[in-house]
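2 protein chains.
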Amino acid sequence: MAAVGLLPLTRALVDIGTAVDRRFETMLAVPGDARARLYQCMRHAAIGGGKRLRPLLVVATADLFGVERECAERAATAIEAIHVYSLIHDDLPAMDDDDLRRGKPTAHKAFDEATAILAGDSLHALAFEWLADPATHADPFVRAELVLEVARAAGPGGMAGGQAMDLAAERMPFDLPAVTRLQQLKTGALIGVSVEAGAILGRVPPEGRTGLRGYAHDLGLAFQIADDLLDAEGDEAAVGKALRKDADAGKATFLSLLGPERAHAQCELLAAQAVEHLRSYGTEADLLRALAHYVVERDR
Amino acid sequence: MAAVGLLPLTRALVDIGTAVDRRFETMLAVPGDARARLYQCMRHAAIGGGKRLRPLLVVATADLFGVERECAERAATAIEAIHVYSLIHDDLPAMDDDDLRRGKPTAHKAFDEATAILAGDSLHALAFEWLADPATHADPFVRAELVLEVARAAGPGGMAGGQAMDLAAERMPFDLPAVTRLQQLKTGALIGVSVEAGAILGRVPPEGRTGLRGYAHDLGLAFQIADDLLDAEGDEAAVGKALRKDADAGKATFLSLLGPERAHAQCELLAAQAVEHLRSYGTEADLLRALAHYVVERDR
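Top to bottom, those sequences are chains A and B. The first sequence maps to residues 1 to 300 in my numbering. The second sequence maps to residues 1 to 300 in my numbering.
One thing to keep in mind: the hints can contain errors.
Each pair may be met inside one copy or between any two copies, as identical chains are not told apart.
[As the list claims (entries may be wrong)] Only pairs whose alpha carbons sit at most 30 Å apart, straight line, appear in this in silico DSSO-like list of lysine-lysine:
{"hint": "1", "residue 1": "LYS245", "residue 2": "LYS104"}
{"hint": "2", "residue 1": "LYS51", "residue 2": "LYS241"}
{"hint": "3", "residue 1": "LYS51", "residue 2": "LYS104"}
Keep in mind the hints are simulated off the structure, nothing from the lab.
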C-alpha cells in the first residue's frame with residue numbers, strides 16, 4: 001500500500017484551510033447594524049488560523065464515499081465553527097485565561113469578554129443552522145443525524161463535559177483511565193464526529209462505520225498525547241499560544257502520568273493502530289493514514 | 001368566541017411547568033463522574049423556576065394540530081433549554097452581572113463562572129441533541145426543520161444577535177425602530193420559534209403559518225414592553241431578580257422612548273392585535289388568546 005507523503009497532506013491541509021476560510025468569509029459577512037462587532041469577533045476567531053484538522057477529517061472521509069464537495073465542506077465548516085466556539089470560551093478569563101491563540105490575541109483580548117461569550121454562542125448556534133440547512137444535504141435524515149451526532153459530541157456527553165472534567169482535574173487527582181476518559185470527551189468526541197460526519201454524508205449505516213470509529217478513537221488519543229508533548233517541549237512562538245500551563249497548574253496529563261518516553265511511544269503506537277483500522281480501505285484512504293502520522297510528527 | 005379565563009391558563013402554566021421540570025429531571029440526571037458539578041449547575045438553572053412561557057407556546061400551538069404530547073413536550077423542553085442557557089450567560093459578570101434569577105442565586109453565584117459558562121454551552125448543545133433525536137418526531141424532515149428554525153432563532157440572526165445589540169445600546173443612542181429590532185431579535189425570535197415549532201411538529205407548511213407568525217410577532221413585542229414596565233414598576237422580591245438596571249444604565253427601552261402611558265397602551269394594543277391574528281382558529285386557540293392577555297396583565 002503506497003503511503004501518501006507529507007507533501008500531498010500538506011497540500012490538502014492548505015486547500016481545506018483556504019476552503020474553510022472562504023466559507024467563513026461568506027457565512028460570517030458583517031451586517032450593517034449594531035451586530036457588526038459580534039461578527040467581527042467571530043471572524044477574528046474563525047478566519048485565518050488553526051490546523052483545520054477537523055475539516056480535513058470530514059472531507060477526507062467524505063471523499064471515501066463520493067460525497068459532493070459542497071456538502072462535505074459545509075459540514076466541515078460547521079464542525080470547525082464548534083471547535084472555534086470552544087476555543088473562544090476556553091480562553092476566557094474564568095476558564096484558561098489565555099491571551100494568545102493561533103498567534104493572535106484571544107477573542108476577549110481583541111474585543112471584550114461579553115462579545116467573546118456571544119461570539120462563541122453565535123458560532124455554536126450557526127453550526128447547527130448550517131448542518132440543518134438543506135444546502136448541506138438533500139436528505140433530511142442525513143441532516144438530522146449530522147445534527148444529532150455533532151450535538152452529542154459538543155455537549156456534556158462530549159466536549160463540554162470533557163472541559164468540565166478538566167476543571168475538576170485541578171481540584172482532584174486524575175489517574176490514567178480518568179485522563180483518558182477526560183480527553184476522549186474533551187477532544188476525542190469532536191475528532192470522532194468529524195470522521196463520522198463524512199460517513200453520515202455518504203449514507204454509510206452505523207454498522208459500516210466500525211473501522212472509521214476505531215481510527216478516530218486512536219487518532220484522537222494520539223493527537224492529545226502529541227498535544228501534551230508539544231505543550232511540554234514546543235516553542236511558544238511557533239505554536240502561537242501559551243505553553244506549559246498544565247504542568248504549572250499541577251494537572252495530571254498523559255505526559256505527567258506516562259513520562260516523555262512512554263508518551264512518545266504510546267503516541268506512535270496509537271497512530272499505527274489508527275492506520276490499522278483502515279485496512280479495509282485502499283489507497284483512497286491514504287490521506288487519513290498520512291494524517292495519523294502527521295499528528296505524531298507535529299510534536300517534533 | 002368564548003375567552004378562556006385566567007384559571008385554565010394558570011392551570012396550563014402549572015401543568016407545563018411540572019412537565020418541563022420532570023423532563024429536565026430525567027434528561028439532566030447527574031452522572032457519577034467528574035461532570036457531576038456541571039450537571040448540578042444545569043439543574044440549578046433549569047429546574048423549578050420561570051414562567052415556562054415558551055414551552056406553553058409550543059404545546060398550545062402543537063395542540064391546534066393534534067401533535068402527540070410526547071413530541072410537543074420534548075420540543076418545548078429543548079426550546080426552554082435554549083432560554084435557560086441564555087439566562088445563564090446573560091447573568092455572567094461580563095454581561096449583565098446579576099446575582100439573582102428566578103428568586104435564586106444565578107448559576108455563576110451558586111457555582112462558579114467557568115461552570116456556569118459550560119452549563120450554558122451544555123444546555124445549548126443538548127437542545128439540538130433533543131430536537132434532532134428521533135424521539136422528538138418520527139419524520140426526519142420535521143426534526144431538521146425544527147433544528148434549523150431554533151438555531152436561527154438562537155444565533156446571531158436572533159437571540160445572540162439581539163444580545164449583542166443590547167451591549168451596543170449601552171454605547172450608542174437607540175431610537176424606537178432600533179429598540180424594536182433589538183427586541184425582535186433578543187426575545188422575539190425565540191418566542192416566535194416556540195409558536196412555529198408547534199406548527200412544524202404538526203407538519204403545517206410555511207404558507208399556513210402566517211396567522212401564527214403574526215400572533216407570535218405581536219406577542220413578543222407586547223411581552224417585551226410588559227417586561228420594561230415590570231422592570232420599572234415591579235417589586236424585586238416578587239419578580240425574583242434585580243430590577244431598574246436599564247434605567248440606571250441609561251439604556252433606551254420601549255418605556256424610556258414611549259413613556260409609561262403610551263407603553264401601557266401599546267402593550268394592550270399589541271396583545272389585541274396578537275389575538276386578532278388568530279381569527280381563523282376557533283375555541284381550540286383560546287389558550288393562545290389567554291396567553292396574550294396574561295402577558296399584558298402580568299405587569300399589574
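Original post:
Which earlier hints can't be squared with this structure?
Top reply: none
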